[in-house]
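Residue numbers (this note's numbering), protein chains in the order written: chain R, 1 to 112; chain A, 1001 to 1113.
Keep in mind that the hints were calculated from the coordinates and are not lab data. Positions of the beta carbon are idealized from the N, C-alpha and C atoms, including for glycine. Hints are not guaranteed to be accurate.
What follows is a list of derived Cβ distance ranges for each label pair [what the hints assert, rightly or not]:
1) R:58 x A:1009: 43 to 53 Å
2) A:1022 x R:5: 30 to 40 Å
3) A:1012 x R:40: 17 to 27 Å
4) R:53 x A:1077: 20 to 30 Å
5) R:27 x A:1038: 42 to 52 Å
6) R:63 x A:1054: 10 to 20 Å
7) A:1010 x R:70: 39 to 49 Å
8) A:1044 x R:46: 29 to 39 Å
9) R:53 x A:1020: 17 to 27 Å
10) R:3 x A:1071: 33 to 43 Å
11) A:1020 x R:55: 32 to 42 Å
12) A:1018 x R:18: 48 to 58 Å
13) A:1055 x R:63: 29 to 39 Å
14) R:29 x A:1012: 18 to 28 Å
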Amino acid sequence: GDSVVQTEGQVLPSEGDSLIVNCSYETTQYPSLFWYVQYPGEGPQLHLKAMKANDKGRNKGFEAMYRKETTSFHLEKDSVQESDSAVYFCALTQTYGQNFVFGPGTRLSVLP
Amino acid sequence: KAGVTQTPRYLIKTRGQQVTLSCSPISGHRSVSWYQQTPGQGLQFLFEYFSETQRNKGNFPGRFSGRQFSNSRSEMNVSTLELGDSALYLCASSFGTSGGEQYFGPGTRLTVT
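Work the whole structure out from these sequences, hints included.
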């Protein structure tokens, strides 16, 4: 079945550092790819998305490129801020279905 | 536009009891999915309903069931509760079209004692 793996556990950059959170997926079909962000006490919310290969999702300075050749969708930002601290989930869904598969989540804690 | 709402927000039950959780999707959304979130297992897909029919199902025992009504509102039921069922239960709605994003509610925190 489909699967998603991402940077495990917690990452602790300082404010102003650059960031890469890795995400790789396995599927035999043609997924749409997403990053969701979850703040304490809330449900996950859509952060950015890419619907097909070579699409780039962008939101609030974050970017992720849908790379079919490496089956990756890494989340990147040039300069993180304390307000970016949250849990980030990489996810995929198939073009012809609504069954989302989520990665285990990465806790981003930006140090002031 | 109002977001996804879930009731109740918090619930405490005893082992062996059953529980029903409710979800109201965003207006116009026809698909509702349910997820279980725990620290150890992350976000796990339970099932998805579209136009009152279960369209997808995750790998959970038959104690977990759901339904969707004609107004797209959905309920999930867990019978014979076990301690391991303690989790945050999230509902997400979408238009139900191919590859579209889902919008999550705040979740129901279930504690089984």
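Against the structure, the hints come out as follows:
no. : hint                      : verdict
1   : R:58 x A:1009: 43 to 53 Å : violated, 33 Å
2   : A:1022 x R:5: 30 to 40 Å  : holds, 33 Å
3   : A:1012 x R:40: 17 to 27 Å : holds, 20 Å
4   : R:53 x A:1077: 20 to 30 Å : violated, 40 Å
5   : R:27 x A:1038: 42 to 52 Å : violated, 24 Å
6   : R:63 x A:1054: 10 to 20 Å : violated, 36 Å
7   : A:1010 x R:70: 39 to 49 Å : holds, 43 Å
8   : A:1044 x R:46: 29 to 39 Å : violated, 19 Å
9   : R:53 x A:1020: 17 to 27 Å : violated, 42 Å
10  : R:3 x A:1071: 33 to 43 Å  : holds, 35 Å
11  : A:1020 x R:55: 32 to 42 Å : holds, 40 Å
12  : A:1018 x R:18: 48 to 58 Å : holds, 50 Å
13  : A:1055 x R:63: 29 to 39 Å : holds, 32 Å
14  : R:29 x A:1012: 18 to 28 Å : violated, 41 Å
Violation of the numbered hints given earlier is confined to hints 1, 4, 5, 6, 8, 9, 14; the remaining hints are satisfied by the structure.
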